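Residue numbers (the numbering used here), protein chains in the order written: chain C, 1 to 226; chain W, 227 to 628; chain D, 629 to 1084.
Quick caveat, the hints were computed from the structure, so don't treat them as lab data.
None of the values given here were measured: they were computed from a predicted structure.
One thing to keep in mind: the hints can contain errors.
As the list claims (entries may be wrong) - Once the Cα atoms are required to be at most 20 Å apart in a straight line, the calculated EDC-like pairs of lysine to aspartate or glutamate come out as: (1) 379(W) to 709(D); (2) 82(C) to 54(C); (3) 480(W) to 916(D); (4) 615(W) to 213(C); (5) 374(W) to 682(D); (6) 231(W) to 5(C); (7) 618(W) to 78(C); (8) 615(W) to 913(D); (9) 480(W) to 276(W); (10) 237(W) to 137(C); (11) 285(W) to 67(C); (12) 82(C) to 294(W); (13) 379(W) to 911(D); (14) 231(W) to 54(C); (15) 230(W) to 213(C); (16) 614(W) to 117(C); (17) 537(W) to 78(C); (18) 379(W) to 689(D); (19) 379(W) to 916(D); (20) 374(W) to 913(D); (21) 374(W) to 802(D); (22) 680(D) to 487(W); (23) 231(W) to 117(C); (24) 379(W) to 1036(D).
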Amino acid sequence: MKSIELKNVSKVYNNNIIALDNVSLTVNQGEFIVVMGQSGSGKSTLLQIAGLLDVCTSGSVIINGEDISHINQNKLADIRMKSLGFVFQAFHLNSHLKLYQNIMVPMLINNKFKNKEEMQKRAIELIEKTGLTDRKEHYPSELSGGEQQRVAIARAMANEPDFILADEPTGNLDSKNELMIFEELKKLSCIGKGVLVVSHNDAVIDFADKIYEMKDGVLGEKQNEE
Amino acid sequence: MKNKKLNMLIKASVLSRKPSVCFFCFFTILSTILILLSVSIILPLRDNIENKINNHISKRELVTEFDENISDDFINDDLAEIKKVKYVSTVYRMPAKLIVKEQSGVLFDEYNLGYLHNDCNPIITSGRVFDESETGVALVPQTIRDFKSSDNKIYEILGESLIGKTLVLTDECGNIHKAEVVGAYSTSDPIFSRYEILIPQADLLKYDEMVLNDTSEGIASISGDKSYIILIDSAQNVEKAMEEISGINNVYQKNIGIDVDSYNVALMILFTSLMFFIIIAIFGFFMFLKNYINNRTNELALYRSLGYKSKHIFYIIFAEHFVFEILSFTMGAIITELLNILIINPYIYTFAGNTLMEMTVNISILQAVCVFLLLFVILLIECRNAVKKSEKTDLTVLLRER
Amino acid sequence: MKIKNINFIATANIKGNEKSTLILVLMIILVISLSLISSFSFTVTSAVNEFKEDYRARLLEVDPWLKELDNKILESIRQVDHVENIYMLQGMRDQVFDILDISDENGTYEELQKQLEKREGSVQAWSLIGSEKRSVIAGKTLDESPTFSCIIPSLFYPFNDDDSSTNSTNQNLDYIDGKNLVGKTFTVKAFGGYFEDLYNYEDDVFGGNEWVYLPALEYKLKIAGVYYSSPTGAGDYDQIYVSEETGRLIEEMALKAAGFENAKVEKWWNTPSLRTHYLLVDDYENIDYVYNTLTDMGIDCAHQPELGIKESVLIISNILSFAGIFIIAATFLLCVINLIQSTTNSLKNRRGEIGLLKAIGYKNRQVFACLCYEHFNLTLKGFLIGGGFSAIFILIANIINSRRTYIDRLYIVNWSDYLIFLFISLGIAVIVPLICQIIALHRLTKIQPKEAMYLE
């Protein structure tokens, strides 16, 4: 089974601030994992390390059985391209690309796609799943926040990654759109993607398979009270 | 993977930063114009001074004199020896200049009757130059400042207006010499003065003889000594030739009366200033590009988070800037050439046109290519630096609130 | 808002702003390039134009033979186009003096003295006129020296045994390096045993001039400095210059020793309107026009200046000046554009910071004051560092040039010229970004505090 495994990961910044203290976490395929915690608890740091956006001070990160501790930048990039998909709080869509083009961005560097038509086809497939087919020629600025985030999720799925990592995906959205986004992410976990969400929004609890709580850099499992 | 797939991102990037792109183009065009203009002014100036002043004919001439009492045979023997010396191109009799006054009413002041040096090509501003085999012909200065003592006025006479007229010139002994004006020459050549009417050497030698033969006391202001001009093949060989010839007869070099060394130093300082200016321009372009590219940190971090590698990022930045750099450079080069044709060259012509120092400012292909390569290398370095910086960029900037 | 508070924030911002170093470096480069390139190019332009500026190439002798040169006439002459001024000749023009000996505090300068004993030596003395200045490449100028000082050519040849005209065989002459004579004193006496002078007179019909022969007194002239004489250019190697006052004193002493010889001479000396004057034309090329105009006014004027200029010299000077001025202009333009770009860029990148200040409660003018102060701080630092570097460079270049040939000394940068360009560069460094900030002010006012939320 494919998984992201963090084993005894610690992250200490230069000024001796311990962001993560001996954290261990496993995200398997098909799981919807939520990490909650207050601001400054280290949950974003955890996501950054799991998503290979940052390196840990100690411990190991194993993705699909491969320890990435001593891997060079290019290999890391490959892993991010093939295995991971990111959803950011701030969407980070290119305002001068149409929706379907935004979804194509990760595909541009994937040799699996031989030509532009293949990419467009895949992009339109993904847009259809978001329910925004009739808006595919629009620009991000013409969409609502929720719609933009749905496109961002579609972009994250462009290269069919094994895992989706989302950092406060509903941070900029209203409650109605929040639920919609969590539903989208849940659907992904149902189709076999491993989803790791970092959020302080209680609404996510209902969707989670496992809930963890970060406090002062220490990760603890929280019981999901259904 | 084929990089041209990334062109979509480049297009989006350009569209999202239109003002910045315009400013980039403007700055590149301006840098190109300034660098190319500076180079195209200074380099021809250097060539001009090198070829026309440092290698002026008078820098290649030596003069040797023989006392009037020395026999012609002795002189001829010495001259034959001198002609055998390496570097000597030719040896010829140097006529003495006479002071003459024009009698037909065309000119009123006193003038020097001079001659054309061998191998000297005066700049003819109108009419034609005479051949040394001709006789009774003359060249007059392009502009003559004629002082008329009867009304105490200075009249500016254009040499061109005298073409076809016959000057009746009397020397200090009252001998009359007639010469038809066939052309006007530029007095910008330091070997000539504004008060010199040029006639063939043979004619002047004949008139010198007439003056010397005149027995009136205290009139003949020219010496009976015979002077010869020795023309050396190149200015660099003058000293060596002088050394050899001084073993045969006394020899000296006349001054052309302008401070050549001072101008060479001036040119060197300007050249150094130009080099420094180009360095500043390059540095300015480098800083500009650095600022410009560094503003794309977020964008590049996003691409990295999506799995883009360094080569992809390099292509995205480089391709965009390269296209605009080529377009801007080409436009800059065209504008520079237009400036040269429409403004700079006409302006230089107003004070140096039709003179010894006439120069044309234009860009050579080599200069343009060199400047372009310079800008290209800077672009390459800066794109590479940006890629390296993006490798070190904390991708977590993306996770922060916007 | 107090200055020290502004300073506090500005200093903190400078430390926190990673672009500050870049801007500081840009300022340093700007100051160095503007001051250095401009100073050197300007020095070249001045040096090559020195010939054109030479008074002797622009002075026309004006005599009172047709009309007495009273104040009314002088004023009407001054009104003529291209006339800069007209001065009464108080000293000497081309007065020949024999050199009797040359000495210093320690006694006679033996080397030259021995030569003078074997070969006669003489100098042609010219006194400066009006506002004329002569620059020196060694020693002191006449302005900086007491009366009875003189300046001599860098290549000095006072001997009478050869035709030392530069149009002739001057390459084999054993020139004396003028620098070696600075501080020595000439003892001179009028050539030929008497001081020849021309005086003007008036009579019922017309005026004219006559020679008067005054006693040849001995004068001691201390060599204060050396002026540049080109080894290939025009000029005589025995010409010395004295100040106008020195020239006047020499003449006066000779006249008084002769008891003014006769009444006409005394009248001439004491009547300014009978004295020869010299008119200064603004440009060599306007001499003909001025001459013709004065002739039409019925004033006696020479039609040629004392020194002619070769056309080639004018052309080369013009071309080199053009190149020099172009480089200065191009440097200025490039620096200004760079400044505009870096200022605009730095403002753009600080929207969040500005938003934060506004969120805290800063008003627009207070934010503007902080930005300006920050900019002045950086500019001043850049100016001091850049100015220091360029001053050191100029100092080294001047020291090197002063130890090299006389030609190199012509291009010693004048400190006053350098300081002017330095302060111009400061002005540009201050004003251009200020203008950019003022222009950006309208955008600044639109930045909302919520932009602070977008701080990185």
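Going down the list of hints, with the structure as the test:
{"no.": "1", "hint": "379(W) to 709(D)", "verdict": "17 Å, holds"}
{"no.": "2", "hint": "82(C) to 54(C)", "verdict": "18 Å, holds"}
{"no.": "3", "hint": "480(W) to 916(D)", "verdict": "30 Å, violated"}
{"no.": "4", "hint": "615(W) to 213(C)", "verdict": "35 Å, violated"}
{"no.": "5", "hint": "374(W) to 682(D)", "verdict": "27 Å, violated"}
{"no.": "6", "hint": "231(W) to 5(C)", "verdict": "34 Å, violated"}
{"no.": "7", "hint": "618(W) to 78(C)", "verdict": "17 Å, holds"}
{"no.": "8", "hint": "615(W) to 913(D)", "verdict": "62 Å, violated"}
{"no.": "9", "hint": "480(W) to 276(W)", "verdict": "19 Å, holds"}
{"no.": "10", "hint": "237(W) to 137(C)", "verdict": "16 Å, holds"}
{"no.": "11", "hint": "285(W) to 67(C)", "verdict": "81 Å, violated"}
{"no.": "12", "hint": "82(C) to 294(W)", "verdict": "104 Å, violated"}
{"no.": "13", "hint": "379(W) to 911(D)", "verdict": "19 Å, holds"}
{"no.": "14", "hint": "231(W) to 54(C)", "verdict": "28 Å, violated"}
{"no.": "15", "hint": "230(W) to 213(C)", "verdict": "45 Å, violated"}
{"no.": "16", "hint": "614(W) to 117(C)", "verdict": "32 Å, violated"}
{"no.": "17", "hint": "537(W) to 78(C)", "verdict": "13 Å, holds"}
{"no.": "18", "hint": "379(W) to 689(D)", "verdict": "15 Å, holds"}
{"no.": "19", "hint": "379(W) to 916(D)", "verdict": "9 Å, holds"}
{"no.": "20", "hint": "374(W) to 913(D)", "verdict": "19 Å, holds"}
{"no.": "21", "hint": "374(W) to 802(D)", "verdict": "42 Å, violated"}
{"no.": "22", "hint": "680(D) to 487(W)", "verdict": "18 Å, holds"}
{"no.": "23", "hint": "231(W) to 117(C)", "verdict": "11 Å, holds"}
{"no.": "24", "hint": "379(W) to 1036(D)", "verdict": "42 Å, violated"}
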